[in-house]
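Take a look at the letters that make up each chain.
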Amino acid sequence: LAKTTQPISMDSYEGQEVNITCSHNNIATNDYITWYQQFPSQGPRFIIQGYKTKVTNEVASLFIPADRKSSTLSLPRVSLSDTAVYYCLVGRGSSASKIIFGSGTRLSIRP
Amino acid sequence: EPEVTQTPSHQVTQMGQEVILRCVPISNHLYFYWYRQILGQKVEFLVSFYNNEISEKSEIFDDQFSVERPDGSNFTLKIRSTKLEDSAMYFCASRDSQAYGYTFGSGTRLTVV
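From first to last, the protein sequence lines are chains A and B. Residue numbers for the first sequence follow the numbering used here, so the first one is 1 and each next one is one higher. Residue numbers for the second sequence follow the numbering used here, so the first one is 112 and each next one is one higher.
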């Protein structure tokens, strides 16, 4: 499983766009990049997954450069309810094997 | 949206007692998992389960832990003799072979006193 590195914490304000970058220098050819969100006392929630270039859904966008050694989760116009821990994970997207969580990025949104 | 349901939401037990944490995964999912999160720490993998057997387990998942799928819908985690350090949130998750991500339940907060 490729190791990932992401900031421990970030702060932003309501209405701003927030970009969280994750480094994964040892990503393998078959690996996908997946982001989860976790609110206090709740289970992690899948946000988005991608392999290359850009993926967008109703919650976020995921930008992956050509070398795939990093990725950026972009949250448009955040609100207070986006305050959570965000985890970047790298592994085989359709594999049934376990996923391993790192420490994540604690995002705090201020009014 | 389909959900993974966990019961109870909170359980308090005395050290040395047995506890069973229950999960109802999403009905058409085939792969099941238990994770735990000690307060303020990372989400840790415990065990994965497929085709009625354990696929993989972590070092945490020692002989005091067991999992079972007693019927077509429930997936349980049993801790035989609880210790103080077993106090944590326990999350169940499931996925099917085509799903992008896991679906996690809301967790059971286990407090061992």
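Warning: the hint list may mix true and false statements.
Unchecked claim - Cross-link-like lysine-lysine pairs, in silico, DSBU-like; alpha carbons within 35 Å at most:
hint	chain 1	residue 1	chain 2	residue 2
1	B	K153	B	K194
2	A	K69	A	K52
3	B	K168	B	K194
4	A	K52	A	K3
5	A	K3	B	K168
6	B	K153	B	K168
7	A	K3	B	K189
8	A	K52	B	K189
9	A	K54	A	K69
10	A	K69	B	K189
11	A	K54	A	K3
12	A	K52	B	K194
13	B	K189	B	K168
14	A	K3	A	K69
15	A	K69	B	K194
16	B	K189	A	K54
17	B	K153	B	K189
18	A	K3	B	K153
19	B	K168	A	K52
Said to hold, decoys possible - A partial selection of chain B residues facing chain A, derived with a Cβ cut-off under 8 Å:
hint	residue
20	F172
21	G183
22	R191
23	L195
24	M200
25	F202
26	F215
27	G216
28	S217
29	G218
Derived from the structure by calculation, the hints contain no laboratory data. Note that the Cβ used here is the ideal one computed from N, Cα and C, for glycine as well.
Restraint status (C-alpha distance of B:K153 to B:K194 at most 35 Å): holds, 19 Å
Restraint outcome when B:M200 is required to lie within 8 Å of chain A by C-beta distance: holds, 7 Å
Given hint B:K168 paired with A:K3 - CA-CA distance at most 35 Å: holds, 20 Å
Chain A contact restraint on B:F172 - CB to CB distance below 8 Å: Since chain A brings no Cβ nearer than about 11 Å to B:F172, farther than 8 Å, the hint is violated.
Hint consistency between A:K54 and A:K69 [alpha-carbon to alpha-carbon, up to 35 Å]: holds, 14 Å
Status of the B:G218 interface restraint (C-beta, 8 Å, chain A): holds, 5 Å
Cut-off 8 Å, beta-carbon criterion: hint that B:F202 touches chain A: Check passed: Cβ of B:F202 comes within 4 Å of chain A, closer than 8 Å.
Straight-line alpha-carbon gap A:K3 to B:K153, limit 35 Å: holds, 15 Å
Pair hint outcome, B:K168 versus B:K194 [Cα-Cα no greater than 35 Å]: holds, 19 Å
Hinted pair A:K3 and A:K69, Cα distance within 35 Å: holds, 11 Å
B:K189 paired with B:K168 [C-alpha distance capped at 35 Å]: Given pair B:K189, B:K168 holds - Cα atoms ~14 Å apart, limit 35 Å.
A:K3 paired with B:K189 [C-alpha distance capped at 35 Å]: OK: A:K3 and B:K189 at ~31 Å, within 35 Å.
Hints 8, 10, 12, 15, 16, 20, 21, 22 and 23 from the list above are not met by this structure, while the remaining hints are.
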